[in-house]
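Asker: Guided by the hints, dock chain X onto chain E, whose structure is given.
2 protein chains.
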Amino acid sequence: MDVLFKRRSIRKYTDQSVSEKQIEQIIRAGMAAPSAGNQQPWHFIVIRDREMLDQITTFHPYAQMLKESNCAIVVCGDVSLEKHERYWVQDCSAATQNMLLMAHDLGLGSVWLGVFPVEERVQPLRKLLNLPEGVIPLAVLPVGYPAESKKPADRFDQSRVHYNGW
Amino acid sequence: MDVLFKRRSIRKYTDQSVSEKQIEQIIRAGMAAPSAGNQQPWHFIVIRDREMLDQITTFHPYAQMLKESNCAIVVCGDVSLEKHERYWVQDCSAATQNMLLMAHDLGLGSVWLGVFPVEERVQPLRKLLNLPEGVIPLAVLPVGYPAESKKPADRFDQSRVHYNGW
Numbered sequence: 001m002d003v004l005f006k007r008r009s010i011r012k013y014t015d016q017s018v019s020e021k022q023i024e025q026i027i028r029a030g031m032a033a034p035s036a037g038n039q040q041p042w043h044f045i046v047i048r049d050r051e052m053l054d055q056i057t058t059f060h061p062y063a064q065m066l067k068e069s070n071c072a073i074v075v076c077g078d079v080s081l082e083k084h085e086r087y088w089v090q091d092c093s094a095a096t097q098n099m100l101l102m103a104h105d106l107g108l109g110s111v112w113l114g115v116f117p118v119e120e121r122v123q124p125l126r127k128l129l130n131l132p133e134g135v136i137p138l139a140v141l142p143v144g145y146p147a148e149s150k151k152p153a154d155r156f157d158q159s160r161v162h163y164n165g166w
Numbered sequence: 001m002d003v004l005f006k007r008r009s010i011r012k013y014t015d016q017s018v019s020e021k022q023i024e025q026i027i028r029a030g031m032a033a034p035s036a037g038n039q040q041p042w043h044f045i046v047i048r049d050r051e052m053l054d055q056i057t058t059f060h061p062y063a064q065m066l067k068e069s070n071c072a073i074v075v076c077g078d079v080s081l082e083k084h085e086r087y088w089v090q091d092c093s094a095a096t097q098n099m100l101l102m103a104h105d106l107g108l109g110s111v112w113l114g115v116f117p118v119e120e121r122v123q124p125l126r127k128l129l130n131l132p133e134g135v136i137p138l139a140v141l142p143v144g145y146p147a148e149s150k151k152p153a154d155r156f157d158q159s160r161v162h163y164n165g166w
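The listed protein sequences correspond, in order, to chains E and X.
Residue 166 in our numbering sits at position 166 of the first sequence, with consecutive numbering throughout.
Residue 61 in our numbering sits at position 61 of the second sequence, with consecutive numbering throughout.
Certain hints may be false.
Pairs involving identical chains hold if they fit within one copy or between any two copies, as the list cannot separate such chains.
Derived pair list, reagent style DSS-like, types lysine-lysine, alpha-carbon separation capped at 30 Å [to be verified]:
# : residue 1 : residue 2
1 : Lys127    : Lys151
2 : Lys67     : Lys6
3 : Lys6      : Lys83
4 : Lys67     : Lys83
Source of the hints: derived by calculation from the structure; they are not laboratory data.
Here the structure is a predicted model, which is why all the values come from computation and not from measurement.
Pulled out of the complex, with its shape left as it was, chain E reads as follows:
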């Protein structure tokens, strides 16, 4: 499980395109995530359109690397698929984490760009992607061949661990 520690947020990519096969493997990893009552309340939008990728940078302050990236996946929740209300954020977050791990394992780089619950990002992205009522973008994941490398992070902090209560 070294991948859990070696995976880092990668924001610089080469020009090389990721393949459809790689994108499918990443989405397959997302869909393998657990969800409340196995409700799987998710959709995945693959964006390769240059103009759409550029558009996102106009309203998302941390998405400027999309100008240099040629592919991104938007993870969306669909409240109409919920059996357990208001768990879609957790379900889709678990899926997103699986996708970041798979991207790393494939030798690719990605980063979790938060969208929901910031309305100034959610609304323009819903409009750009023409999402139906009840489908909410959670996060954007640029995917590319890494043009930067980072050492594994050690974030362990014993002070955050408690026993039998606070």
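Answerer: Chain X alone, transformed into the frame defined by chain E:
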């Protein structure tokens, strides 16, 4: 990355206790998760107290396996640690998914028992664990040696994949 597909929700455990070392490895995996602005807004409560584990089953309808489990970890968000407001749920969900993967990799079983945002679970758990203001339990993860086995799930659904918009 077979672990992503082989990991399943395990709800039956043997009597064998998991070690402190194993629990630390699972929490270490949680803390390796990405978070908004690397804010790491999490705390982890390890419960081995028999009475406390039993108490949780009185208010959590899906936590009955805790009667047979001798350890659980509660993943909590701490809003006072947030640099990016309202992202703690996503951050702690990524941490939770990492923990489930690590548990599987160690040969252990676990399951994501949802707590937040259901108030009838959040409030009694906050009281039981004596959590300070702003610390919110997201999920309970029983951890044990598996007494059941499940085949990998194939949840891939092409109809959930869209290209350049809906």
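Asker: Each hint should be assessed against the structure and marked as holding or not.
Answerer: Outcome of the hint check:
In this assembly of identical chains, the alpha carbons of lysine 127 and lysine 151 never lie at most 30 Å apart, being 38 Å within a copy and 40 Å across copies at closest. Taking CA atoms no more than 30 Å apart as the test, lysine 67 paired with lysine 6 passes inside one copy only; the shortest distance there is 26 Å, against 36 Å between copies. Taking identical chains as interchangeable, the C-alpha atoms of lysine 6 and lysine 83 lie at most 30 Å apart only when they sit on different chains, with a minimum of 24 Å there against 35 Å within one chain. In this assembly of identical chains, the alpha carbons of lysine 67 and lysine 83 lie at most 30 Å apart only when taken from different copies (26 Å versus 38 Å within one copy).
Hint 1 alone, counting from the list given before, is not met by this structure.
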